[in-house]
Each structure stands twice: as C-alpha cells, then as structure tokens.
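Undergrad: Please build the complex by placing chains B, C and D on the supplied structure of chain A, with the hints as guidance.
Chains as they are written, first to last, in my numbering: chain A, 197 to 478; chain B, 197 to 478; chain C, 197 to 478; chain D, 197 to 478.
Hints are computed from structural coordinates only; laboratory data are not their basis. Quick caveat: nothing in here was measured; it's all calculated off a predicted structure. Treat the hints loosely; a few may be bogus.
A pair holds if it fits inside one copy or across any two, identical chains being indistinguishable in the list.
Derived DSS-like pairs: lysine-lysine, alpha-carbon spacing no greater than 27 Å straight-line [said to hold, decoys possible]:
(1) Lys-404 / Lys-209
(2) Lys-446 / Lys-351
(3) Lys-381 / Lys-464
(4) Lys-357 / Lys-279
(5) Lys-209 / Lys-339
(6) Lys-381 / Lys-222
(7) Lys-441 / Lys-279
(8) Lys-466 / Lys-272
(9) Lys-235 / Lys-354
(10) Lys-209 / Lys-222
(11) Lys-381 / Lys-279
(12) Lys-351 / Lys-397
(13) Lys-209 / Lys-279
(14) Lys-262 / Lys-319
(15) Lys-441 / Lys-397
(16) Lys-290 / Lys-272
(17) Lys-466 / Lys-404
(18) Lys-404 / Lys-464
(19) Lys-354 / Lys-404
(20) Lys-441 / Lys-222
(21) Lys-281 / Lys-235
(22) Lys-262 / Lys-441
(23) Lys-351 / Lys-281
(24) Lys-279 / Lys-404
(25) Lys-397 / Lys-354
(26) Lys-235 / Lys-466
(27) Lys-235 / Lys-351
4 protein chains.
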Amino acid sequence: MNLTVLIHCPDQKGIISAVTNFLHEKGGNVVYLDQHVDKQAAIFFMRLEAEFENGYTQQLFDSEFKDTLAPRFNMKWQSHLKKIKPRMALFVSKYNHCLYDLLSRYHSGELEAEIPFILSNHKDLGFIAEQFGIPFYHVPFSKENREEAEAEQLKLLKEHKVDFIVLARYMQIVSSTVIAQYPNKIINIHHSFLPAFAGAKPYHAAFKRGVKIIGATSHYVTEELDAGPIIEQDVVPVSHTHTIKDFIAKGRDLEKIVLARAVKLHLKHKTMVYNNKTVIFT
Amino acid sequence: MNLTVLIHCPDQKGIISAVTNFLHEKGGNVVYLDQHVDKQAAIFFMRLEAEFENGYTQQLFDSEFKDTLAPRFNMKWQSHLKKIKPRMALFVSKYNHCLYDLLSRYHSGELEAEIPFILSNHKDLGFIAEQFGIPFYHVPFSKENREEAEAEQLKLLKEHKVDFIVLARYMQIVSSTVIAQYPNKIINIHHSFLPAFAGAKPYHAAFKRGVKIIGATSHYVTEELDAGPIIEQDVVPVSHTHTIKDFIAKGRDLEKIVLARAVKLHLKHKTMVYNNKTVIFT
Amino acid sequence: MNLTVLIHCPDQKGIISAVTNFLHEKGGNVVYLDQHVDKQAAIFFMRLEAEFENGYTQQLFDSEFKDTLAPRFNMKWQSHLKKIKPRMALFVSKYNHCLYDLLSRYHSGELEAEIPFILSNHKDLGFIAEQFGIPFYHVPFSKENREEAEAEQLKLLKEHKVDFIVLARYMQIVSSTVIAQYPNKIINIHHSFLPAFAGAKPYHAAFKRGVKIIGATSHYVTEELDAGPIIEQDVVPVSHTHTIKDFIAKGRDLEKIVLARAVKLHLKHKTMVYNNKTVIFT
Amino acid sequence: MNLTVLIHCPDQKGIISAVTNFLHEKGGNVVYLDQHVDKQAAIFFMRLEAEFENGYTQQLFDSEFKDTLAPRFNMKWQSHLKKIKPRMALFVSKYNHCLYDLLSRYHSGELEAEIPFILSNHKDLGFIAEQFGIPFYHVPFSKENREEAEAEQLKLLKEHKVDFIVLARYMQIVSSTVIAQYPNKIINIHHSFLPAFAGAKPYHAAFKRGVKIIGATSHYVTEELDAGPIIEQDVVPVSHTHTIKDFIAKGRDLEKIVLARAVKLHLKHKTMVYNNKTVIFT
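Extracted from the complex, chain A is given alone in its bound form (with noise of 0.2 Å):
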C-alpha cells in the first residue's frame, strides 16, 4: 500500500528520524518527505509518502502511531490510503465555467476524485450535470426557507458520504451548520486579489480602484466571509482599456484555473491549516 502522512505538532527535536525510524521499523519505504517548521509559531508539519509491500495496513498504522509517536510528541495526524478517491461535492449556481473545467477535468481523468452529485440553488447549470451525467440537486435557498434548504443540503451530504465540497461560484453564503461539519473541507472560489476586494462585486471595485492587476482565491471557507485561509492565488494584469466586462472575462480564466489547481492539492492532502493560514507541500 501507499499511505500519506499529515503531522503537526509543537516543534521540538528529533521528530523526523522518529518518524522514519518508525515507518522503516514496520517495512516501510518513505519515497517523499516534506517538512516545515513555523519559527515564530513553533509548529512543526511534516508530510511522508510510504510505500509497503509487506502487507501492512492503514489501520495498524492507525493504532500503533496513536499509541506511540503521536502522543509522545503531542502530535495530531492524518493517514490517507493513496488509492481511494476522495468524494467531492459540487455546489453551483449560474456561471458555468468552473464548473465546465471541473468536470472537462475529471472527465479526462485529471482528477483523482469521485463526484457523487452537483447541488444548485437554480437550475439553469442542470444540464451540463445532465451532459456529464451526474446527478443534479436543485435545493433552493432564500431567507424563508433556509433551515430546509440547509437541512437538505446535509442530508445529501450524508448521503452520498461526501468528503468535502467545492462552491465552483456558488453565489450564496454557506450556512455555519455547514461549516462546522466540514471545517477545512469547503473549498471556494473568489474573484478577487484577497485580501483585496473581499465580499461582493470585486470586478467592480477593482475597477473604480483602478488597479493594474486582477487576482483570484482559492480559499477554505470559514464563518467570516472571504477570510479563510488561502490554497491558491493567481492574478493578471490589466490597464485602462479593459471595462469591467473584460474584468469578467479574464477573471472568469483565473477562477478556474486556481480553484482547479487548489481542488488537486486537497485531492492529493497537500494542504495543512492552522492560525488561518496553509501549510502547501508541492
């Protein structure tokens, strides 16, 4: 088997020749390691790839380090078997074009994810699930009827044993129910330079601003809007001969290719949180 280790803990010495000792004692081969240490924070992170061909399981792993190295160095962890596929859900509303690269991806095999269903608060983006043939849920969402909307949302996530959800322009604010039962699991895309421009309508204040260079975000939604912590960034110059419409436009590139690229760094668990902020391992 292939596992992927997420560690962090207090930093303190010795603990990466732990760590290897302790995965080549049970016939492990760590064919990647990455390491980071936060000074002024003192967090350590750590990130091992081990590959076993003696029969070793993720569960023994599981148990042996909780009753080891993790409580020695106070350590919270994670393990990932590399051949199960992350299920993602897919929460729209009317702007198609992350969608269409989400799924022109995944449909390629460039995603190593299953995608058990697109969830909308309209249904204009219904057919594209239907092109793709994935299911499609329109759940509606108004200040009437949010307790429903929000409960039917979970219960579809339940469902369908989601493991984390990616809002491609979902333009509606996610309930903090949400939130709280998949905390560093919602990945959003927002069309701005953050923290520039948070909140709504950035084309547009980029615009009266004047800037030189429009961005997007990728970022872990939290309860304060447009401020959880960030995966991705990327931005592209702009000048006074492009209207808020060629804001759009270029922006519209941006978004996908960055909510893309930060979808697959969540996929392969090369993202860490803490203090708001993300530890990348590339």
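TA: Coordinates of chains B, C and D only, in the frame set by chain A:
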C-alpha cells in the same frame, strides 16, 4: 522638433480627425497616436507625438491650440518637447535598494531625467549620493520641526526647479502643502499589492494573512494615504516556507522594478490621471 | 453600423489624418483607433472602429475607400462588420482539454463565432461534439489516403463557408493546399515556448533540458512547421520536483488559455500579419 | 554549529531514516530537510540543515560520515558551515546593470558572500569597483594573449581563494581550463529564455522571430556554450510596440533579478547538479 501632446476632454464626435488635421496643417507628422475612451465616464484621452521639420515651435503650438481646438472640445491638455529632460528630486530614508537602482539606471543613461538633488530625513544614505556625485540634503522631520522642514523642502524644490518628486522608500508622510503644489507629480512606491495592506508594515500583514502572492504598487501621492492613482503594480509568488524576512527580501526586488517602471512612464509623459485612476499609454 | 477597418501600408506622412477625415466626412465617428509603425521595416499599421448612424454601408465604404485613399497610400486593408460572427471550424485529435474549453466558452456566449463543425482524424472526441450538439466529421488521415482526406477537408470547409480554422491540439500536419487557401487563417496551439522545442514531444525535450519555466504558443500556421507568426504566448514555472506527466498537466492549462486568447483576438480582427510576425491590437 | 549537508546517491530504501538517525545520534537537531527522487534516473537527493550545541564539529562529521553512511549508500556529499561566507569573484565587461545590482545587494548585507575582486577584459567599469571599494583587475583578452590572460585569471582566483565565479554580463567566453577547475562553480546570465536564442544577440533574434515574451536564464557554465545546467529563469511580456532597444531595456531588469536569485541559491548551497540539470531546494 518632436512634440508630445496629452489631451483629455468630454467624449464627442470628431476629436481625432480635428486634432490630426490641425497638426497636419501646421506641417507636423503624427508618428504616434494612442487614444482611449472611458465610456462609463464619457471622457476621451489622447496622446500624440508629432514631428515638425519646418521650424514650428512649441510656443506657436501652445498659443494656436489654446485659441482653437482646446476651447471647441473643452480640452485639458499639455505639450512637452522630447528633448527637455524633466527634473526629478529623490526623497529617501534608510533603505538603499530603490535609490541604488534609480541611480545606476540614471548613470547608465536609462532615465531621461536630471536629478538635481537627493533629500532625506536621515543621514544614512548620504554616502550613496556622494558615490554618484549628486547633492544630498539632510532635512530631519519630526512633529516639532514639521513646518520648518516643510518650508525647507519647498524651498529646495523651487530653487532646483524640480518637476516631480520620487519617494524612493521615503518612510515619512509628505505634507499636504507639498502634495498640493505637486499634484500627480509625486510618485511613491508602496510595498504591497494595493488596496490590500495599505499603511504600515504591509509585509507583516501579508504574512499574517497567509497570502500566496505579494506585490508592490507605484502610485501618485494624494492626501489619502496609499490611495492615490495607481501607475504600476507587480507581484511575486510566496509560500509557507517564506518568513517575513524573505517577504521583505523578495519585496525589495519588486519595489525597485515597479518604481523604476513608473518613473520611466512619467518621464515619457505616458501617464494621465482622472477620477483617481490612470491612463497609461504604452 | 459598426465597422472595423484594418490597414497597412508603407509608412508616410498624413495617413492618420487622411483616414480619420475620410470617415468623418462619411458621417462616421471613430470610437477606437490604434496605430503602429515598424520603423525598421517602414510599415504603417492601423486599426479603427467607426460607428455610422446615417445608413452608410460597408459596401459603400469598401468601394469608396478602394477608389480614393487605398491607392493613394498603397494600402492593404480589410473591413469587417461587428455584427457578423466569423465561422470557425475546429480540428481535433484525441486530447479534449482545448476542445472542452473552447466549446464551454462558445456555449457561454464568450466567443463571438459560429462553429459549423468539428473535424477529427480520430473518432474519440465525437461524443463531446454530441454533448454540445455540433456536427462532427471523422476524416482519417494517413500516407495512403492523404489526397482524399485533403479533398474532403476542403470540401467541408467550402460547404460550411468556414472563415478560419482552429487546430485545438490537432496532432496532424495540415497540408500545403489547405494552408494556401487559408493564409493567416489557421490558428495552432503548440505546447512549448517557441522557438524553443519546436516539433514533436516538446514537454519531453523541456524536461530533458531542465528548464525552470514551460510555455505554450499560439500561432498562425505556415508551410514551415511551428514557425508561423506568433499570436500569443504564456508560461508557467516548473521545478525539479515535476515529472514529464506534471509538465503535461500544467501545460494543458496553458494551452487552453493561450489558444482561447488567440482565438478571441482573431475573432475581433485585432491581429495583423507581416514579415512572419504579428501586430496585436489590444 | 549549523551544518548544511548535501547528498546524492542511487535511490534505495532507508536513506532518510539512516541519515536523520546518524545526525540525531551525534546530538544534532535537523531543522530543515528537503529531499527529491528522480525516479527515471533512480537518483536520490537530500539537503539537510542540522544544529549542534554540543561542540560537535564539521571535521568530526566529515570523517565519521565518510566512514559510515557515505560508503554504505554510495553517496556523493558535501557539508558547509553556515557561518562561512563563500568567496565570489565577479567577471564583467562593459554593461553595468548586473554589477551595480550585485554590489548594492552586497553592500546592504543581502548577499552572504565575500567579494575579493572584480575582473574585467575592459577598463570601463573600474570606477564602479572604486565606488564600492573593491579591487579591480583589468585582464584584456584576445586571440593573441589568450594563454597569458587565462594564466592571470587562474592566478588571481587561486591567490584570492575564490570559491565561485559570477559572470555578470562578461562578454567573453571562459576558457576550458578555468571551467575545468571550477565545475558547477561558474554562474552565467544569458539574456534569453534558453534554449531559445542561445549564442550572440538573443534580443535581436527574439525581435526577428516576433515572440510575445522574452526571458533571461542563469546557468552553470560548461564547455558547451549556453548549454549548462539551468539554475533560474524568468520572463517578461513584450509586444509589437517594442523595439530591439526596448527588449534590451526590459531585459536588463530581468537579467539582474535572475542572476541575483541564482547567486543567492548558490550561496546558500541550495543547488545540486546532475545530468546537466539542477535540483533547486527552496
């Protein structure tokens, strides 16, 4: 002579043909024309370069244009002789990277400018002025001597017939009086991707927010801090592996390049300002 | 009507004022003018957009311009009505990312084009044509059926009144006959930063050379392989951590974005070709 | 002491745990570890930084590592004390931008290096060496005095105990003898995006080809011109509006930034070379 003309006025029909005709009739050959219309604001902008080989002068152009086309189209306009080098004062504090960069460009003939003096609120960089043989004035600035210092600055600017001021990491707020006398003629470099992280310590703020890209912004100075018309911006990727010190080191390269680009655009009369934004002709 | 006019001719005095005057006299309002002079080659280029509200037609313009200014300045020129959507044929093989990208843009109304058909030397992508309801022609191509295949391509292009062809990762050399009939009207995407790594397997070659940046290039197809006039290029950083497979995955995103930008420039008549180079009006 | 260790060897199981154990046993704390496997070539690379507070020395490490792990895994390796500043010679000709840039960084403490001397085949830049108080040697180079000049270069390099050489736009081919004595220790800056436009006058060639992006490449010098292992590359967009002179001006900024980045990577022992490629630890 080679004359550069900058024009802006309410958008209306026939401006381009009227102006190009005017120049044609005076014996000028238009060797460059770039124009822009901000449709939302209904403002027309144009930059022309015309060559005259018939003895026609800037003085003649100015007086004839002023009496005919300018009032007809309600134009604001300026003309500049290509052979005249603008006079640029450099204001610095303690950081030397922008100063070294501008001076080495100046020294190589890359900047078509005169540098009558370097002014600083600290003595630290005086030796660089000396290295390059440029007069250096030490004008300390504090709450107590504010008015005096301001008066001295203005006196130096007048005496040396300064056309515009470059704040090459001048870590001191320029007073309203100076700004009022040099409207859209003071160029600052701010070490963030504005409007993100305006104000003090932008690299620290960027680090805390966990951004994946940092930037620098060159802008004209207005009363409101870090909120003036943006001339040029650029960015560089960062990651969790970078400390604040790394941000600062990467930022230095951005700052000097972005500031130098803005200075060159200003020197070539390629910038126009309106509604707190710029039109940049390239 | 809104008329776009592209002109190039030997550089000489008075062209801009002559053309803008001409349009003014016919009742047109020049809403956009961009011009360029290649001083080395002594060639003048201009792109104008003019609006007429007086019933003046493209036919009138064409015949009057042809008899007056065009011969006087020895101009090569074209005029295009803004409301006419060019007809674009898509040629593909087995890779689907550029095809999906163009079709989703088309479907969202982002491309002002008609797509009469998709042609491929393989059957693999027929289902995508079907997904989007666009006719699909399978025209296999081999040494043996070369002439036949060529004839069929030309027949389809004629029948469907195709204005230009987009090779959206068409892994087959287009024949000289087709190129001759569509000069500067066949757009290719090459998966390298040309002129580096022309020809087959550019990602493999880039990997072997150990470059730190990879690119994609969109260009007009000429007789010489990968040597036609470049329309658009972009790049993305890579490192020693990336395998050839990673290069290919990163490249896919570049290819689709760069090709789409080139297609949009062509659709808006913003490209002019001379000396195997392009002038791109933006 | 803080010790940086660079290792490469045939890929095999257990290397990481063996090395981290070794350091742990000697009382070292691994504060940084980055590792890479080129699977195609089956080579393992690692860079570690370890801190020792127990009086353990580089000499001890070198002798103990040499007798134990190094032979067991068939390793090639080096160790470097963080506090030792490498000695860097600068070779220049007539262009001053890279020289000014490196010297101003050096002067600000940004480069952890000693600069024992500047050498040039021309006298032009001697005054800059003087500005910064660094010895300057004028060693003319021609077909006639080739062997003499080479001998003088080697003599100076030896006398000043130079660790590596930076060709800061040294417009002269370095002789095989010098290259042989400084393998992967001569850093050049080439003013194109290699492998495009190797050899002389790359900006002219790029202009002729009509590229939309130009670049600069820093690489280690090998026998074959402009074909050595690439350390760093960067690019900047250009358009039809730019002349060759503009390419050169834009290129200057690229060259100095790219060269400085490469020099810093080398100074921090973050580069490893194999198969004419580099592994760059960041």
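Undergrad: Give the relationship of Lys-351 and Lys-281 under a CA distance limit of 27 Å: within one copy only, between copies only, both, or neither.
TA: Classified as within; 21 Å inside a copy, 47 Å across copies.
Undergrad: Give the relationship of Lys-466 and Lys-404 under a CA distance limit of 27 Å: within one copy only, between copies only, both, or neither.
TA: Answer is between; shortest inter-copy Cα gap is 21 Å, intra-copy 37 Å.
Undergrad: As a check of your reading, is Lys-262 near Lys-319 (CA-CA no more than 27 Å) within one copy, between copies, both or neither?
TA: neither (46 Å within a copy, 53 Å between copies)
Undergrad: What label fits Lys-209 with Lys-222 when the C-alpha limit is 27 Å: within, between, both, or neither?
TA: both (22 Å within a copy, 13 Å between copies)
Undergrad: First find the shortest C-alpha distance between Lys-354 and Lys-404 inside one copy, then the shortest across copies, and answer within, between, both or neither for a cut-off of 27 Å.
TA: neither (43 Å within a copy, 35 Å between copies)
Undergrad: Please sort Lys-351 with Lys-397 into within, between, both or neither, judging by C-alpha distance up to 27 Å.
TA: neither (31 Å within a copy, 46 Å between copies)
Undergrad: Could you place Lys-466 and Lys-272 in one of the four classes (within, between, both, neither) given a Cα distance threshold of 27 Å?
TA: Close inside one copy (15 Å), not across copies (30 Å); limit 27 Å.
Undergrad: Is the C-alpha distance from Lys-404 to Lys-464 at most 27 Å within one copy, between copies, in both cases, or in neither?
TA: So Lys-404 and Lys-464 pass the 27 Å test across copies only (25 Å; inside, 39 Å).
Undergrad: Please work out whether the CA atoms of Lys-281 and Lys-235 approach to 27 Å or closer within one copy, between two copies, in both situations, or in neither?
TA: between (34 Å within a copy, 24 Å between copies)
Undergrad: When Cα atoms must be at most 27 Å apart, do Lys-279 and Lys-404 count as within-copy, between-copy, both, or neither?
TA: neither (48 Å within a copy, 30 Å between copies)
Undergrad: Pop the pair Lys-441 and Lys-279 into one bin, within, between, both or neither, using alpha-carbon distances up to 27 Å.
TA: between (43 Å within a copy, 18 Å between copies)
Undergrad: If the cutoff is 27 Å on CA atoms, where do Lys-446 and Lys-351 land: within, between, both or neither? Let me know, please.
TA: neither (37 Å within a copy, 36 Å between copies)
Of the numbered hints listed earlier, those contradicted by the structure are 2, 5, 6, 9, 12, 14, 16, 19, 20, 22, 24, 25, 27.
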